[in-house]
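If you read the sequence shown in our numbering, its first letter stands for residue 550, the second for the next number, and so on.
It should be emphasised that the hints constitute simulated quantities derived from the structure, not laboratory data. Treat the hints with caution; some may be incorrect.
Said to hold, decoys possible - Straight-line distance between alpha carbons at most 27 Å, and here's what the computed DSS-like set of lysine-lysine pairs gives:
| # | residue 1 | residue 2 |
| --- | --- | --- |
| 1 | 649 | 636 |
| 2 | 588 | 636 |
| 3 | 631 | 608 |
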Amino acid sequence: MMMLVQDIRKIDAFNERMRSLGYDVAGEWGIQGRRLFRKGGENRTHHIHVYQFDNPQIKRHLVFRDYLRSHPEEAERYGRLKEELAKRYNDTSFYSKAKKAFVQALEQRALNWLNKKEEDA
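Using the sequences plus the hints, can you model the full thing?
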């Protein structure tokens with residue numbers, strides 16, 4: 550889930566409340582200007598990404614999502630990779646590093662897809 554806010558700095562005031570609801574407060578977790586809250590431990594059942602409304606990362610996430618929705622075969626490949634890596638790595642940072650190259654290539658295909666769509670419009 551992605552949430553957009555006017556001022557990202559104000560989100561930190563909700564950290565204790567999110568913890569009381571069972572969320573892990575992960576801070577930026579590698580993306581400047583984001584706040585990440587996770588629930589479900591290693592099962593990773595809930596992710597809340599919070600961005601300030603003008604953060605350039607928002608577009609990247611939405612294009613990625615839209616590309617996967619429009620390309621179910623890519624979504625399936627990505628899902629299989631995530632399942633395999635989740636079984637292999639108990640640590641989320643190792644899991645994230647292991648899928649990084651795949652995700653970067655997928656993001657590039659998504660951006661190319663968007664650019665072509667915009668050119669054709």
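Against the structure, the hints:
Note on residue 649 and residue 636: the hinted pairing holds, with a Cα-Cα distance of about 16 Å set against a maximum of 27 Å. Between residue 588 and residue 636, the direct Cα distance comes to roughly 18 Å. Compliance with the 27 Å bound is thereby established for this hinted pair. With a C-alpha separation of about 22 Å, the suggested pair residue 631 and residue 608 falls inside the 27 Å cut-off, and the hint holds.
When held up to the earlier numbered hints, the structure conflicts with none and fits them all.
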